[in-house]
Amino acid sequence: MTTGRDWLEDAVNRSWYGRIGVTYLLLPLQPIAALVIWWRRRFRPRAKFAALGAPIIVVGGLTAGGTGKTPTLIALVRYLSGKGLKVGVVSRGYGREAGKSGLLVEVEHSAEKVGDEPLLIKRSVPTASVMVGDSRLAAARSLFREQGVSVILSDDGLQHYALPRDFEIAVLDANRRFGNGWLLPVGPLREPIKRLQSVDFVLERNGSDPASAFHYVPTRLVTVDGKERLSVSDASNQWAGKKVVAATGLGQPSQFFSLLSDLGLECETVNVADHAVLDLWAIETHFQPDIVVVTAKDAVKLEVESCHNVWVLEVEAELPDSLYLAIEQSLKQVSI
1 MTTGRDWLED AVNRSWYGRI GVTYLLLPLQ PIAALVIWWR RRFRPRAKFA ALGAPIIVVG
61 GLTAGGTGKT PTLIALVRYL SGKGLKVGVV SRGYGREAGK SGLLVEVEHS AEKVGDEPLL
121 IKRSVPTASV MVGDSRLAAA RSLFREQGVS VILSDDGLQH YALPRDFEIA VLDANRRFGN
181 GWLLPVGPLR EPIKRLQSVD FVLERNGSDP ASAFHYVPTR LVTVDGKERL SVSDASNQWA
241 GKKVVAATGL GQPSQFFSLL SDLGLECETV NVADHAVLDL WAIETHFQPD IVVVTAKDAV
301 KLEVESCHNV WVLEVEAELP DSLYLAIEQS LKQVSI
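Positions 1 to 336 (the working numbering) are the ones given, in order, by the sequence shown.
Hints in this document: simulated from the structure, not taken from any laboratory. Incorrect hints may have been included.
Claimed, not checked - Derived lysine to any residue pairs resembling SDA-like cross-links, with alpha carbons at most 20 Å apart: (1) K227 <-> R123; (2) K332 <-> K243; (3) K113 <-> D156; (4) K83 <-> T127; (5) K243 <-> D279; (6) K194 <-> K86; (7) K242 <-> V199; (8) K227 <-> D290; (9) K86 <-> S150; (10) K86 <-> L104.
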């Protein structure tokens, strides 16, 4: 069930996070990559809150691939919404069909139209105003002027310097860290490591420092259509002896598989390229499983009618109190 894209992504990841591999053939491009990064940062906007009328919190990463940015953003949207704030989210939306003018995401939209992560954010927190567009700045302006949001979060927006920001969060993976330390495409770095010195908060998934670490907390399992629900313990008991397949298109599939293993669920595993749509027919044909478990990010890309035995492991990012405190202090400075 491995495609050419899957093979290439695996080879690149092994080169970035393991021994010397195929990406080192691109070492001559490093000076060009560094120059492009310097040029983009040189012309970043200096204005913050006053530029749009609503404070902007950027959640992003220093490395390519999955580090937990979207679950972190969802947790922040829930937290700020719980404080009575009208929250907006801007995103480009991977693989979307929305035009340059931007599109306000609705719960009933498809991932093909708006992107998997924006749709997941909207379905996770329906009260939030989520907009996708080629220009995050234009999307943020629309959210403020047309939706009346009081705070805006930018999904995976650390390197999008056209958008002013009041608070920057960099999300890292404590296990992978910075890989081989090279800039893209030789390594996973979108910017030099010293960029972390200028952000407001560094979060580490599965880190050891309680002040900066966050972890995923599995909450329950639900069918894709949402009609059936099981607690984690009930699923572990009821599925004992059944053939369970865990399948995902995450940037770091091992994180998902480890979560299931820690919950006592024995699964065969399938992983496809990041953002790819799972081929349920192929999984059914190859494994003939009783149960298929996927992530929420995978589920938004699936057709409900084809998911008769597909369950979603729902997780929440448990963020440190120090992050919430830092954000509250930042928002107080703009009298929100």
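Comparing the hints with the structure gives:
no. : hint          : in the structure
1   : K227 <-> R123 : 15 Å, holds
2   : K332 <-> K243 : 52 Å, violated
3   : K113 <-> D156 : 19 Å, holds
4   : K83 <-> T127  : 13 Å, holds
5   : K243 <-> D279 : 18 Å, holds
6   : K194 <-> K86  : 34 Å, violated
7   : K242 <-> V199 : 47 Å, violated
8   : K227 <-> D290 : 18 Å, holds
9   : K86 <-> S150  : 5 Å, holds
10  : K86 <-> L104  : 15 Å, holds
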